[in-house]
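Q: Spelled out, the chains give:
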Amino acid sequence: MKIKRNEEYNYGFLDEGSKKEIRRSTLKAVAIPGYQVPFGSRELPIGRGWGTGGIQLTLSLIGPSDVLKVIDQGSDESVNAVNIKKFVKLCTGIKTTTDTHKATIIQSRHRIPEIPLKNDQILVLQVPIPEPLRIVEPKEEVTKKMHAEKDYAPIWLQLYESIIKYGKVTISTEYPCTVEDRYIMNPSPIPKFDNPKLNMSECLYLFGAGREKKIYAIPPYTRVESLAFDDVPFEKENFKGKKCCLCGSCDTYLDEIFNSETGERYYQCSDTSYCREVRSR
Amino acid sequence: MNTSENPVLSVKNLTVRYGDGCSECSTSLEKNRCRKCGTVWASNDVSIDVYPGEVLGIVGESGSGKSTLMQSLYFDIEPTSGNAYLNGYKNGCESIWNASPAEKRDIKNKIMGMVYQNPVRGLRMDYSAASNIAEKIIATGSRNAGEMTSRAKELLEAVEILTSRMSEAPKNFSGGMQQRVQISKALANNPSILLLDEVTTGLDLSVQAKVLDLIRKIKTLYGISILLVSHDLAVIRMLADRTVVMLDGKIIESGLTDQILEDPQHEYTQQLVYSLL
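From first to last, the protein sequence lines are chains X and U.
Start counting the first sequence at 1461; every next residue gets the next number (this note's numbering).
Start counting the second sequence at 4; every next residue gets the next number (this note's numbering).
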């Protein structure tokens, strides 16, 4: 993308005070893994709910030597991903990439890349609803107390109810997990296929919710366990017998594509960058 | 019942008032409301003891303070003053009303079981009957779904609800069935005391009889202590070993149930008993 930095914008669009406040909140989030740190979410030239939490984290962290990759549901080419990349490039002038290996900051919506990330990389995830207990308790005041007192029975009950009704846990995205045996965290709407990647990862995961004004984090080498009963273990999605129609991978998260004319179903890697890499080998 | 043993539950001088109170409150009460400052004394210096295996009945008209006592015990309302000691909490040496929020949660889940008059307060109407029972078990730290399901089946069988309906939500059940699910939920962790707040109110006579039979069966089966609040003397006569009569937030008479019903001393108790006859 040939976009030059627009000098009329402050570096990283946000003013220095705002970036400083976001960095401080980020440091606190890293210090208390899984804890939701409130922050003064700023106005941006895009609507809240369109990744403003992730963008604010990216803009406050990004330096001139960084290389940015933005993905949306695993795709580098979606309209949202392309426009976020353009915007960051316009107000910082940094390099962007679609190659997961080369990126130092990856901003993502709904996916964690298939390639294991390294300790010099940061994955910023956009989060619509940071509170994992929101589904069982609408009041913020109450959920804060529940976290403080480690009162997580209602969310376990939610899982149990699913087992009673359907014989298994039916949550497919936003599958709650426990961070270092303390806080229960919403890993953002990533498929539960990606949950194991959060555990003992080399990279830093940052979660930003612009509308809800919360930041939380999973620092490198943190224990992250998806909730599971002793006799009903956690299971990620199973794509047994299916493979990517482009690269032939059968161990990645696959998107189902339905051809309405022929009635056929195809499967394709959700992580387009990974799929490209496998094909080029 | 053995009153020579230490009580399972001991309430001392419970006072719950709505308003700041004034110096004339003790002398200028009209029913339980101060004429001068308007303060309502919902519960006024109430003390009771519940002994192991005993059913203690509390009877009185609407507004007499029966439910205030129950709700204070179950931490639904905060008492203005007084203490309550439970055998299962710090050996009965510290008042449960001074416990931390986490301890209060533990007391509610492990030591006490509550059955409300309105099942909506005691049950999660959109969750299955099994989940309603499992909620109590999960709260104690259990993470074995199979064990929870077995326990739910056992309890639902005990309250005569078909286990084939355990995955159904109580909102689809009749009033009597909802009360029975509430009772099984209250028994989930083998509590040492069961609080029953007007459990038969609003149920038709045949369903009332079934619920009362069930409570009697539970008492025999589990040897559990029960604090039973009712404005219905027939219910009290059928279940309670001892009875406390409340009026305007105060205890006006207490003793063995037969003694209270056969030979009432206080004028109000006499009215209550004779109106029944």
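Don't take every hint at face value.
[As the list claims (entries may be wrong)] No more than 30 Å apart at the CA atoms, straight line, and that leaves these computed lysine-lysine pairs for DSBU-like:
1. X/K1610 x U/K253
2. U/K107 x X/K1599
3. X/K1578 x X/K1700
4. X/K1610 x U/K107
5. X/K1625 x U/K156
6. X/K1628 x U/K93
7. X/K1610 x X/K1546
8. X/K1578 x X/K1703
9. X/K1628 x U/K113
10. X/K1605 x U/K93
11. X/K1605 x U/K34
12. U/K174 x X/K1599
13. X/K1604 x U/K156
14. U/K156 x X/K1628
15. U/K15 x X/K1625
16. X/K1703 x X/K1657
17. X/K1625 x U/K113
18. X/K1604 x U/K107
19. U/K156 x X/K1610
Hints listed in this document are in silico derivations from the structure and should not be mistaken for laboratory results.
Q: Identify every previously stated hint that the structure contradicts and give their numbers, smallest first.
A: Structure breaks hints 1, 6, 7, 11, 13, 15.
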